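Top line first, the protein sequences correspond to chains Y and W. Numbering of the first sequence is given in the numbering used here, commencing with residue -7 and proceeding in unit increments. Numbering of the second sequence is given in the numbering used here, commencing with residue 991 and proceeding in unit increments.
FYI, nobody ran anything at the bench for these hints, they're computed from the structure.
Far from chain Y by the CB rule (all over 12 Å, computed), these chain W residues:
| hint | residue |
| --- | --- |
| 1 | Ser1011 |
| 2 | Gly1027 |
| 3 | Val1048 |
| 4 | Gly1052 |
| 5 | Ser1127 |
| 6 | Glu1130 |
| 7 | Leu1204 |
| 8 | Asn1235 |
Within a straight-line C-alpha distance of at most 25 Å, the following computed PhoX-like cross-link-like pairs (lysine-lysine) qualify:
| hint | chain 1 | residue 1 | chain 2 | residue 2 |
| --- | --- | --- | --- | --- |
| 9 | W | Lys1166 | W | Lys1215 |
| 10 | Y | Lys35 | W | Lys1119 |
| 11 | W | Lys1121 | Y | Lys46 |
| 12 | W | Lys1042 | W | Lys995 |
| 13 | W | Lys1095 | W | Lys1056 |
| 14 | W | Lys1065 | Y | Lys305 |
| 15 | Y | Lys302 | W | Lys1095 |
| 16 | W | Lys1042 | Y | Lys262 |
| 17 | Y | Lys372 | W | Lys1121 |
| 18 | Y | Lys46 | Y | Lys305 |
| 19 | W | Lys1121 | Y | Lys305 |
| 20 | W | Lys1042 | W | Lys1200 |
| 21 | W | Lys1065 | Y | Lys262 |
| 22 | Y | Lys369 | W | Lys1121 |
| 23 | Y | Lys307 | W | Lys1121 |
| 24 | W | Lys1056 | W | Lys1042 |
| 25 | Y | Lys42 | W | Lys1101 |
| 26 | W | Lys1101 | W | Lys1065 |
| 27 | Y | Lys42 | W | Lys1121 |
| 28 | Y | Lys28 | Y | Lys42 |
Since this is a predicted model, take the numbers as computed values, not measurements. By construction, the Cβ of each residue, glycine as well, lies at the ideal position given by its N, Cα and C atoms.
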Amino acid sequence: MDKLEKTFDDSQAPLEQNKTQSPIETIEVTSTKKKKTNKVLLKIGAFFKKPYSKLVICSAVLAGVMALYLFYGLLGLPREIILFDLVELRLMPFAAMVLVSVCVGYSTVTFQTVTNARILTPGVLGFENIYMFIQTFIVFALGSAYMFLISGTENFIISVVAMVVVAGLIFIPMLTRGGTKGVFTLLLVGMILSTFFASLTTLMQYRIDPDEFLVLQALMFPSFSSPNSRIVLVSAIIILVTLLFTPSARRMDVLSLGRETSISLGVNHKFMSIRLLVMVAALVSVSTALAGPMMFLGLLAANLSYQIMKTHKHKYTIPVAILISAVAVFTGQFLIEHVFTSPWIIENIFGGRSITVPIAVMINFVGGIYFIILLLKERKKAK
Amino acid sequence: MFEIKNLTKRYGTRKVLDNVSLSFKTGTITSLVGANGAGKSTLLSCMARLLKQDEGDVFFEGKNIKEFKNAEIAKRVASLRQNNTFSIRLTVRELVAFGRFPHSKGRLTKKDDEIIDRALDYMSMSHMKDKYIDQLSGGERQRVFIAMIVAQDTDHILLDEPLNNLDMKQSSSMMKILRNIVDETKKTIIIVIHDINCASCYSDEIVALKNGKLMIQATPEEFMKEEVIKEIFEVDCKIADVAGNKICVYHNCENCADDEGKVLHSHGCADCADKPL
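Please model the entire structure based on the sequences and the hints provided.
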């Protein structure tokens, strides 16, 4: 039985190989019953190895988590209250979470394809720091009288435009140099600019009123709790329009073979890279302005997606990355809203105090641990 | 047919290619040789559209290569660089299947599958088609990449040092395969190669570059001469006829060269072990 399990674990081996050379045949099976169960197990194993079934399973898990988020605590209540709760309280956060998951999943996988690196996220280009810089600048320059601007649609649009423009400036080296060198220049310029904006932000934050700083502090952590419905709508439109420009998944597959091979195969590497990076810029800007910085979510989602799907094909890795980020976000939000606020948890784990845990803390905690595991793995591979 | 006209490429102020003009014959293996930094790879990269030249043009079938559409030229010319690294995990067959991309745009037909299997067979990699690329040795990797090029089924193939990382047996079998491809299917192969004996044994024509300039374009017979090699590589050598092939012996012993610079012995020969330098 031990050997049998090993073959199941070894999911790299396709089914045909299992049939011809698997150790199963070397095990002396005396009863026909055992043989039959083996066959059934093999079939089940093969089913779970198919990318399509994995996609279905991930969607099912997400549907479950979404339903839990939407309907938890509503069963048995009067219909009006259920409707009110759903439409007024849970619909907009729900929409925002879906949009952010789409942005994060799509942008991280394509960014990693363009840069040919599995431990990068678009975050290295400094979107989050630019976002915080703009918010801080508004408060710093205009003062608390204009505080309402922060949550307005205007601020949202200004932030998105500014992030896309700065990202566009960073992409210029890509336009002029192209190739691997272009990608490295892009990353270096991005890192320098993001440090620059972070330093300016800190400087301004030291100078502003402590009360105003509190407002800013709330923006430093992402939150889905009360998005403005107009902002959600605008984001949805921007995201949809951006996704219209997506190249075919098969072209992206070729792109992941690297510059030289993709040119030899007839794919315009420079043009494709720029096109994808501009899309990434738009998507990341929208998701950052909508919910705040999400450092490790993309890294977690993209890499788990590669690990689960065990394929390079973007038509599988992108949807699964989106599904995984949605599962992470919905689970996190559910824990914050319902589990961490339940009396039992407060009593026994938080020691009687009610603690609000920002979702970023949870995602970055899980994502950070996963990142360290990834780094160690890459180091092992390099050896 | 590839035609190069007045090609110049600079890295900074250094001219890596200096006004190179030549044309490659169809249906042959042409070897590009020369010392390190002579501009061989640069020339090949310009032909493969990986690098932009500063001056001059590359013509393919009489038409400037810039005017071709990417998808169109990928059906006619395939190229392979020395280092091919990527971060994704692929099986051998998946990588070879990418060779069909210019033709089928990723939607593999039955015919594509047949061509892929034949390419794997051709490179004798069928038995490991489900292995992952990162589990292969350097030589096997190289063969898989050639199989991808074979599956791409272009009439022109540009290879940058296909013998890199290959041992004696593998490099000779690689050259035999390339020779077969040319003889059987009338394809044109242009390779950058360091081993001039390999170039002499297997190619129809040898093109030598030195400091970015075209030195000679000749048959192996004409090329394999002591004075020619001395001029191109600045190495003393001796040419010998071995079983119908011209072989260049250059691991010589400087001490026992005679007055005219002709080499007499190989390196470390017993005759001059006692002689002072």
